[in-house]
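Which chain is which? The protein sequence lines are Z and E, in order.
Going by the numbering used here, the first sequence opens with residue 1, and the numbers climb by one from there.
Going by the numbering used here, the second sequence opens with residue 1, and the numbers climb by one from there.
It is worth saying that the hints were derived from the structure and are not from the lab.
Possibly wrong hints are sitting among the right ones.
[Said to hold, decoys possible] Chain E regions said to be covered by chain Z (calculated; three or more residues, Cβ under 8 angstroms):
(1) 29-39
(2) 63-69
(3) 117-125
(4) 147-160
(5) 163-173
For each residue, glycine too, the CB sits at the ideal point set by N, CA and C.
What follows is each chain in one-letter form.
Number of protein chains: 2
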Amino acid sequence: MDIEILEGIYDANEKVARENYTLFRGSGVLAMNLMASPGAGKTSLIAHTLELLKGRRKVGVIEGDIASSVDAEKLKTYDIPVIQINTGGICHLDATMIQQAIAQMDLDALDLLIIENVGNLVCPAEFKLGESLRAMILSVAEGHDKPLKYPLMFSDSDVLVVNKTDLIGMGDFDMAELRDTVTRMNPDIIIFEVSCRTGEGLSAWVDWLDARIGEFKEG
Amino acid sequence: MDIEILEGIYDANEKVARENYTLFRGSGVLAMNLMASPGAGKTSLIAHTLELLKGRRKVGVIEGDIASSVDAEKLKTYDIPVIQINTGGICHLDATMIQQAIAQMDLDALDLLIIENVGNLVCPAEFKLGESLRAMILSVAEGHDKPLKYPLMFSDSDVLVVNKTDLIGMGDFDMAELRDTVTRMNPDIIIFEVSCRTGEGLSAWVDWLDARIGEFKEG
Numbered sequence: 001m002d003i004e005i006l007e008g009i010y011d012a013n014e015k016v017a018r019e020n021y022t023l024f025r026g027s028g029v030l031a032m033n034l035m036a037s038p039g040a041g042k043t044s045l046i047a048h049t050l051e052l053l054k055g056r057r058k059v060g061v062i063e064g065d066i067a068s069s070v071d072a073e074k075l076k077t078y079d080i081p082v083i084q085i086n087t088g089g090i091c092h093l094d095a096t097m098i099q100q101a102i103a104q105m106d107l108d109a110l111d112l113l114i115i116e117n118v119g120n121l122v123c124p125a126e127f128k129l130g131e132s133l134r135a136m137i138l139s140v141a142e143g144h145d146k147p148l149k150y151p152l153m154f155s156d157s158d159v160l161v162v163n164k165t166d167l168i169g170m171g172d173f174d175m176a177e178l179r180d181t182v183t184r185m186n187p188d189i190i191i192f193e194v195s196c197r198t199g200e201g202l203s204a205w206v207d208w209l210d211a212r213i214g215e216f217k218e219g
Numbered sequence: 001m002d003i004e005i006l007e008g009i010y011d012a013n014e015k016v017a018r019e020n021y022t023l024f025r026g027s028g029v030l031a032m033n034l035m036a037s038p039g040a041g042k043t044s045l046i047a048h049t050l051e052l053l054k055g056r057r058k059v060g061v062i063e064g065d066i067a068s069s070v071d072a073e074k075l076k077t078y079d080i081p082v083i084q085i086n087t088g089g090i091c092h093l094d095a096t097m098i099q100q101a102i103a104q105m106d107l108d109a110l111d112l113l114i115i116e117n118v119g120n121l122v123c124p125a126e127f128k129l130g131e132s133l134r135a136m137i138l139s140v141a142e143g144h145d146k147p148l149k150y151p152l153m154f155s156d157s158d159v160l161v162v163n164k165t166d167l168i169g170m171g172d173f174d175m176a177e178l179r180d181t182v183t184r185m186n187p188d189i190i191i192f193e194v195s196c197r198t199g200e201g202l203s204a205w206v207d208w209l210d211a212r213i214g215e216f217k218e219g
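Chain Z with its partners taken away, still in its complex shape (with noise of 0.2 angstroms):
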């Protein structure tokens, strides 16, 4: 019964996701549905992306949280459209929420979207917005068991940004055995290893992140 009524909210969430999809594809604007759990460094990751794709791409930016605008106050010196969805509780952003806020956006002004979830490795990966590419954030102080724990969002996921490598040694983090895990999980996920504290590894996932920008538009 329960399951039922989950279902129905699927179904109806799936729909706006598509429409979402549309627009974006008309518009020509990749959207990147990016999530974490709390604190992982997702608006790190954005913040540093804007600054490497500067010059090279149109980016906009939905920030998703229960409450406050601490992360879009912190994006605001980046001269880009930016919009806060505060979701008032609920754990994750939905497709409903995404359609009102790109209402409100001029997406043909845009190369990318890059949409900030709420902090939860969870429940976000349930719900599609109508992006092109999920990308998911863990950090080295989260552990590498958390593919098995938490597996939907690792398994969904078009990329995997290992965030915080500065911290490796600093725990009992193993990168193989997260990058073995993961791939027996998802096989064509693509993995990036950075840290937004010191600037590592972000050059080739903004490379990366340029290129299928590019494809997107293509086709």
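Given the coordinates of chain Z, work out where chain E should sit on it, guided by the hints.
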């Protein structure tokens, strides 16, 4: 409409939570609901707590995870009752899951039941389990701005354990600012600073918990 459905779910959960509470009260077992993001150190804190309470209190553990029994395996070395709940995709424990788990436990043989919730800083806060103590962990790696972004859990918890203090200085984490923000939201909250890696601060946490168990049994 959606909201009404949710209210119904919360009411039903509340009713079972009260039944669980009555069982815990009758058996003199303090139930602690332990909540945190993925990778904040819930299982590590439990392991240290078991170690330090050995010979002082009889402890049982319920491990909540979306999938896997990684955490329950880790606790196998402590000769105590451990029950693993796999929620099968659900992002929090609820009172009915706990009701089913405790039906398999000898509550009269316990002083403390630690319930490790699913790693998630949002949804677990919305579902009472019948606990007398709501505890949460924030790791230094997550950042001091998290209370603003995930207010409910910080507002509703009795105790906050700040873990991974050995990482202070590696980033821009500000303990004074964290304490200030949390105390403004929740003036009665007790805050401990610990490092499960170095052991710092753990005996103060466990001594406090031990005293709470004593008070619960008396009253």
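To see whether the hints hold, each was checked on the structure:
For the region 29-39 of chain E, the proposed coverage by chain Z is satisfied: 3 residues have a C-beta within less than 8 angstroms of a C-beta in that chain, meeting the threshold of three. Three residues within the 8 angstroms Cβ limit are the bar, and the region 63-69 of chain E against chain Z gives 4, so the coverage statement holds. Look at the region 117-125 of chain E against chain Z: 6 of its residues bring a Cβ nearer than 8 angstroms to a Cβ of that chain, three or more, so the hint holds. For the region 147-160 of chain E, the stated coverage by chain Z is satisfied: 5 residues place a CB nearer than 8 angstroms to a CB of that chain, which reaches the threshold of 3.
Under a criterion of three residues with beta carbons nearer than 8 angstroms to beta carbons of chain Z, the stated coverage of the region 163-173 of chain E is upheld, 5 such residues being counted.
Taken one by one, the earlier hints all hold for this structure without exception.
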